[in-house]
Amino acid sequence: MRKIYLFLGLAILGIGFYRILDRIWVTEDAYITFKHIENFFAGNGLSFNKTNRIESFTHPLWVFLLILGRIFTGLSTHTVSILLGILFSFSMLLYYFFDLTREKENLKIFLLPALYTIHQGFIDFSTSGLENSLTFFLLTLLLTKIWNKKIPNDFSVPTLLALLYFVRPEFALVLVYYSVIYAIENFYSENYLLKLFRFILIPAILVIGYHSFRYLYYHEIFPMSYHAKAGSGSDWNSGFIYLKHTLRYSPFLSQVLVIATIFSLYQLFVNKLFNFKILRDVIASIVAGYYILRMGGDFMAFRLLLPTIFILYFLIHKYIQTRFEFQNKTSILVNLLLLISLLYYTFTESKVPFEKWKIGDERSVYYKDLNQSFSSRLKEIKHSWYLEGLKFHRLQSCLGYEPFIVTNSVTNAKCAYGFGLGYFATASGTNVSVVDELGFTDKNVTLQDAKDRRPGHLKSIDLSYVIDTGNLFCSLNDERYDKIMKTHLGVLINLDPKLLYSLGKEEYSEIVEKLKTLYEDVSESDKPKDKELMSYLKLIEKKRKISILELPDQIPKKFIPEDDCWE
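Under the working numbering, the sequence shown has 608 at position 451, and the numbering climbs by one with no breaks.
No lab work stands behind these hints: they were computed from the structure.
C-beta atoms are modelled at their ideal positions from N, C-alpha and C, and glycine is treated no differently.
No farther apart than 30 angstroms at their CA atoms in a straight line, the calculated lysine-lysine pairs in the DSBU-like style are these:
hint, residue 1, residue 2
1, K662, K643
2, K475, K261
3, K699, K548
Pair by pair, the computed Cβ-Cβ distance ranges are:
hint, residue 1, residue 2, range
4, I443, N485, 29 to 37 angstroms
5, L244, L436, 28 to 36 angstroms
6, L244, E559, 33 to 41 angstroms
7, S692, K715, 33 to 41 angstroms
8, L244, T316, 14 to 22 angstroms
Starting from the given sequences, assemble the full structure and let the hints guide the process.
Below, the structure is given as structure tokens:
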């Protein structure tokens, strides 16, 4: 009987490992973090842009591990992020396997490992380059430590809570919540104040220390991503839509929660059993979920609610293991059903829609039609946004022009062909700075009022701001100007003669002649369209401190342009 049990456990574990490895990818958002790390190793500091110190990530502990991993292995950040995801995911699943198989007589149910590996969200974000796998690993350590007992009087729990805060920002609320619970649990104990001081000591040192560093280094208390999302105010409607999407497309989640709720009420009202410690941890999951719902959820299916789901899975899993003693045959039958369910979800197409309610199956969105092999996915990204970034990297490297500033704006100011932020910015190199229209790299953008768009995509920038920040490329919303200044990378709005000279002798002379003619025509016109264009041309002149009419008609003989940079 035990051999069958071990076989079923190993099968669930093995298929889980297979699913994690089979779904390897690195999301676009992870590359936002990678750009900071690239700048760090290039000697530009831990910042998204070289031109200004910007923190656009919310998981400093994950960043620290990525940097260490890169130092010790010599591998790319891309590969290190995947390997760390595999390490934490496999370690967590192995822990549950050994925990469930250590008893030889009382056979347990592999509930959490099965539910975890059935759920597409957990599998997709285990190796996505993001912090999720580390979050679940730390949650396992924390919840195991406090399961069904008072919070212990040592440094382990507050340290784990502080580490979780440095992985996911919503755990600041969970840290405060458990600190209050600890204070209540120990209110009548001896040396109460000393115990409370010990509990908050390490979190206080870590949190105050890092926020002090953040303020001194970035001149901000919170990262730009916080201001761009949570700083926009409450968006409960989008948050509940995100919750609805999560419940609808999470296998067994709704059913498990309903059964757990009914059973809890039965225990309370019929058997007169009430367990405060379990309720305590259920509320912790609600506290974590509250933050996500308040800020409107996310555009990535499941991702931000996965920690909340994980806590609930853990509590239900542990409750079943400790409160019920199934007959060995029953246990084997339930494990067999879990294995069959896991096989079903492994070899059938995903039920998660490509996009619904402005929420997308992000892995499918990014990997559509890429068809990368396992080894290729482990080493590199071949997404079109990344390839677009390489074009800008080649141009900047060839010209050696700085500051080389571009934007991904497509919503209001039409500057880009439609690339994201992370893939593009990392591929474009550390000498290319990106002004993000969503506010992740610019405080002035994050201070705008939120727009009614996809969750996490609530900001935009206008053309005047694009010009003022020194961007090199953008449409001026005028076909005449755009046709004159069009290049294969966008419409030039930089009038620096040295940059224009690099276009080539014939190209430069033709552009300047047409540009001067257009300038003279619109300067004398009263048409609204011409006035609008003239206002933008004046802004460009002011930014570059040069008049269009004063541009040389030909390239000076002493200037030797770079060869083929624009080809």
